[in-house]
Each structure stands twice: as structure tokens, then as C-alpha cells.
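*Asks:* Just need the whole structure built from these sequences, with the hints factored in.
Chains A and B, in that order, are what the protein sequence lines are. Just so you know, we're using numbering that gives the first Met the number 0 here: the first sequence kicks off at 0 and counts up by one. Just so you know, we're using numbering that gives the first Met the number 0 here: the second sequence kicks off at 0 and counts up by one.
Please note: incorrect hints may appear among the correct ones.
As the list claims (entries may be wrong) - Okay, derived cross-link-like pairs now, DSS-like style, lysine-lysine, Cα gap no bigger than 27 angstroms in a straight line:
1. K272(A) with K340(A)
2. K119(A) with K249(A)
3. K272(A) with K335(A)
4. K55(B) with K272(A)
5. K272(A) with K102(B)
6. K5(B) with K104(B)
Unchecked claim - Output of the computed footprint for chain A on chain B, the stretches with three or more beta carbons under 8 angstroms from beta carbons of chain A:
7. 6–20
8. 62–72
Worth flagging that the hints you see were computed from the coordinates, not collected in a lab. Small disclaimer: the values here were computed from a predicted structure and weren't measured. Think of the CB as a built atom: it goes at the ideal place given N, C-alpha and C, for glycine as much as any other residue.
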Amino acid sequence: MVPFAGWEMPLQFSGIVDEHNAVRGWAGIFDVSHMGRLIISGPDAAVLLRRAVTFNVNRLKEWQSHYAILCQEDGGIIDDLVVYRLDRGRFLVVGNASNAETDRDRIASLVEPGMDVTVKDTQSRTAMIAVQGPRASQLLAETVTAALIEQLPRRGCMEFELMGAGAFIAEGGYTGEEGYEIIVDAGRGHALWRALLTARAKPCGLGARDSLRLEAALPLYGNDLDTTTNPFEAGLGWVVDLDDEPFAGKDALLRIKREAVRRRLVCLEASEKGIMRAGFAVLLNGEVVGRVTSGGFSPTLGVSIGMAYVPVELSEVGTSLEVDVRGRLLPARVVKRPFYKRS
Amino acid sequence: MTETPKDRRYSKDHEWVRLAEGEALVGITDFAQEQLGDLVYFDLPEPRTQLRQNSKLGEVESVKAVSEIFAPLSGEVIEVNQQAMDSPEIVNQDPYGEGWLLKVKPSNVSELDSLLSADQYDTFVATAAG
Chain A
0 MVPFAGWEMP LQFSGIVDEH NAVRGWAGIF DVSHMGRLII SGPDAAVLLR
50 RAVTFNVNRL KEWQSHYAIL CQEDGGIIDD LVVYRLDRGR FLVVGNASNA
100 ETDRDRIASL VEPGMDVTVK DTQSRTAMIA VQGPRASQLL AETVTAALIE
150 QLPRRGCMEF ELMGAGAFIA EGGYTGEEGY EIIVDAGRGH ALWRALLTAR
200 AKPCGLGARD SLRLEAALPL YGNDLDTTTN PFEAGLGWVV DLDDEPFAGK
250 DALLRIKREA VRRRLVCLEA SEKGIMRAGF AVLLNGEVVG RVTSGGFSPT
300 LGVSIGMAYV PVELSEVGTS LEVDVRGRLL PARVVKRPFY KRS
Chain B
0 MTETPKDRRY SKDHEWVRLA EGEALVGITD FAQEQLGDLV YFDLPEPRTQ
50 LRQNSKLGEV ESVKAVSEIF APLSGEVIEV NQQAMDSPEI VNQDPYGEGW
100 LLKVKPSNVS ELDSLLSADQ YDTFVATAAG
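*Replies:* This is the structure we're talking about:
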């Protein structure tokens with residue numbers, strides 16, 4: 000067990016590589032109850048969220064979800080989130096554990112007089128379990144519900160009844176595989192976990208969660224994203240809707256886009272033995288040009304991979320760089336994002 | 000956990016050394032591989048490198064972390080276990096057998112007296128693990 004954002008989390012159960020491979024080839028389950036969960040509801044819920052995040056939530060139909068970013072006024076990233084539209088006036092916002100209170104306070108601070116909306120933190124009353132892997136839908140059909148899973152489109156979500164209580168399921172996840180995330184009330188979380196274990200889902204810890212998301216080149220807040228980074232340099236321009244409607248950080252993001260970014264988050268793949276890890280310097284001809292923000296060993300590729308912010312002129316795919324691994328220079332190449340894509 | 004073999008000595012840095020016919024085999028303990036988890040790379044010295052007891056001889060990288068390996072005795076490296084270099088997972092599977100790391104010609108076998116017996120090492124690990 001390791002401490003993580005105030006939670007005690009398992010780093011691994013059977014072993015990181017074993018869990019990783021189970022998710023790529025079968026199905027794994029993750030207890031992600033540490034994730035922040037806010038319910039934004041009321042006639043002005045969409046108005047409030049449009050002002051809070053970079054993605055225009057008005058584009059979401061009911062029971063659809065989208066990735067979104069919460070920015071500071073200067074365009075720095077406060078958190079990355081998934082926004083689920085439940086019905087016209089009700090949204091679920093899932094953010095990072097380390098930012099749960101910041102997100103809630105930030106969104107609540109954007110409520111203006113006269114707005115009819117409430118922001119409710121449901122994290123402590125619910126449990127959240129992710130089921131990820133090519134067999135995820137089959138396992139869920141065996142344990143939870145057969146009919147509902149088949150109806151769920153990509154990025155879709157729905158409420159349903161589970162063990163006699165209201166529950167929520169959404170297609171998606173953080174591993175690069177097909178998968179689902181289920182939210183149940185806290186008292187039923189354990190029973191759901193047991194049921195999935197009985198259906199032979201592999202229990203997975205934070206270690207595999209990190210190696211899986213890194214192969215899928217999904218950024219991790221606190222590593223690849225923070226308030227000193229902006230969505231454009233992080234490769235998340237596709238989540239920024241610079242339309243006519245105002246939102247927090249929009250002016251800064253317009254300026255950043257106009258002036259063009261100076262650095263980019265790139266994917267690096269080592270060409271030799273050795274493991275790049277977060278914090279290691281990235282060099283070109285002996286000069287430090289950036290720092291690894293996430294790094295590790297890719298069980299799927301069999302080499303070390305990582306992400307780093309480097310100057311735009313060094314961000315082209317194929318660029319040869321080096322990573323300082325405790326004094327030894329590990330050759331690495333900029334490669335196409337992501338490292339792994341499911342077939 | 001694998002039983003700690005009684006035919007060898009152990010360092011507090013979690014290496015083992017086994018003497019046989021004037022040569023010493025060196026490896027890491029079951030506790031070490033268990034703590035490190037999935038092993039990925041070993042960085043080990045070439046043959047003819049001189050080792051000094053308790054000084055760093057190399058590194059092992061696991062998915063989780065990197066760890067230094069210290070020489071449990073002084074001597075000259077005769078052979079590196081290429082199988083362990085190519086497939087580090089065998090050290091996870093069999094740290095006391097197929098997963099040995101180095102064959103060393105000891106320069107002073109009395110150094111082994113400063114190392115722990117299997118029983119002492121088990122006690123040390125149990126205490127360290129709290």
C-alpha cells in the first residue's frame with residue numbers, strides 16, 4: 000500500500016506487469032474511488048460548466064461524456080476532467096483525487112448571483128470501480144447487467160439499478176483499452192468488487208494504472224499537467240473550444256494559440272536498455288532541453304517510454320534526444336503519440 | 000516466500016554469495032526481488048572487473064524502482080550470467096538458482112565471516128520489514 004492524495008492505495012496485487020498484461024489481453028479492475036466526483040445540477044448547470052471548462056458542454060447530448068480542462072485565468076491547467084451529461088440540467092464531473100477540493104471550490108467560485116445551480120461533492124458517499132480490457136463488457140454482462148452494456152455507445156453513460164440501489168456506468172477509462180467505470184453508493188462498492196473478482200477480473204493497483212495510461216500517452220495531472228502548463232503545449236488543443244462563449248482562461252488561451260507554443264509534450268522511446276523516469280533531464284548535444292514528466296518501462300513494447308516537454312523545434316517525430324539516467328545518457332527518439340493503440 | 004538456503008551467506012544489502020570450488024556465485028535475495036517486483040534490466044560489471052566488498056557493483060531496474068547492488072565480497076568477476084541479463088524475470092522466479100548474477104574469484108574468503116547466515120538474514124529481514 001502507498002499513500003496517494005490522502006488515500007491508502009495498493010501499488011500492486013499480483014505484480015505490475017502481470018496486471019498490465021491482464022488489462023491488455025483480458026480484463027482488470029481498479030478501485031478508483033479516490034477520483035473526485037461532483038454533481039452539478041439545476042437549470043443553469045450547463046451555463047456554469049461552460050464558464051468553468053475549456054470544452055463546450057453544450058455540445059454534449061444527454062448521456063454523453065467528454066474530456067475537459069479546468070484552467071486558470073492565465074491558461075494554466077488546474078485539472079483535467081471528464082464531464083458526463085446525465086440529463087439536461089445535471090452533470091457529473093470526475094477529476095483527479097489530488098484536486099478534488101480545488102475543482103469543487105473553483106467551479107463553485109464561478110457561480111454568479113442569480114444562477115440556479117448547485118455543486119455537490121459526492122465522492123465520500125460513493126465508490127468507483129473501473130473495469131478495463133477487451134473482456135470488460137463480457138465480465139460486466141456476467142456480473143452486473145447484460146442488456147445495458149450493449150446499449151452503451153462509445154463515451155456513453157447511463158444510470159441503472161444495481162443490487163437494489165441507483166448506480167451509474169460510463170464507457171471509458173484510463174488504460175487505452177475498451178472499458179467502463181461504475182459508480183455505486185459506498186456501501187455496495189465492496190460487493191461489486193467481489194462480484195467482479197468472482198468473474199475472474201484481475202485486480203490492479205496504481206502501478207499498472209500508471210504503466211497502462213503511459214502507453215496510451217494519457218497525461219497524468221501533477222506529472223504531465225499542472226498550473227505551469229497549458230492545454231496547447233500539452234497536446235490538448237482538441238479539448239479547447241474557442242467559440243463565441245466565454246470561459247475561465249479563454250483570453251489567455253486565445254493569446255497562447257495566436258503566439259504559438261514554444262514547447263510541446265512529446266512521447267519518447269528509449270533505443271537502449273535503461274529506464275527514464277519522471278524528473279530526469281532530456282538533453283541534446285549535452286544541453287538540457289527538457290525534463291521527463293512521466294516515464295517507466297512499457298511491458299507491451301519491452302522498452303522504456305516517457306513523456307517530456309521539449310522545445311517545438313525538437314518535437315518532430317524521429318528527433319534523437321538523450322535522457323540522463325543517473326549520469327548515463329540513454330538515447331531516446333521522439334515517437335508518434337500514443338505508444339500503444341488498441342487494435 | 001522461498002526458503003532462504005543455508006548453503007550461503009547474506010549481506011544486509013540483500014545480496015547472497017555461495018562458495019563452490021574456490022569460486023563464488025553472487026545474486027540478490029528473494030526478499031530483494033520481491034520488494035523490487037518485476038525486474039527489467041541489470042547493469043552488471045564486465046568480466047575481469049575488480050570488486051571491493053560493500054562497494055557498489057551495479058544496478059537493477061524494476062518496473063517500480065531502481066536499486067543499487069553492492070558487492071558482498073571482494074574479488075574479480077569471472078562471468079556474468081547472460082541468461083539473467085537477457086531475461087531478468089528469471090531472477091524473480093529463481094533468485095537463488097538460475098537467477099544468479101555473477102561468478103567471482105574471491106580475493107579474501109574470510110570476508111564471508113562478516114556476512115549473515117540464512118537464519119540471521121531471515122531475522123534481519125523480519126525486523127527490517129517490521
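*Asks:* If a hint holds in the structure, say so; if it does not, say that too.
*Replies:* Outcome of the hint check:
no.: 1; hint: K272(A) with K340(A); result: holds, 23 angstroms
no.: 2; hint: K119(A) with K249(A); result: holds, 25 angstroms
no.: 3; hint: K272(A) with K335(A); result: holds, 20 angstroms
no.: 4; hint: K55(B) with K272(A); result: holds, 19 angstroms
no.: 5; hint: K272(A) with K102(B); result: holds, 22 angstroms
no.: 6; hint: K5(B) with K104(B); result: holds, 21 angstroms
no.: 7; hint: 6–20; result: violated (count 0)
no.: 8; hint: 62–72; result: holds (count 3)
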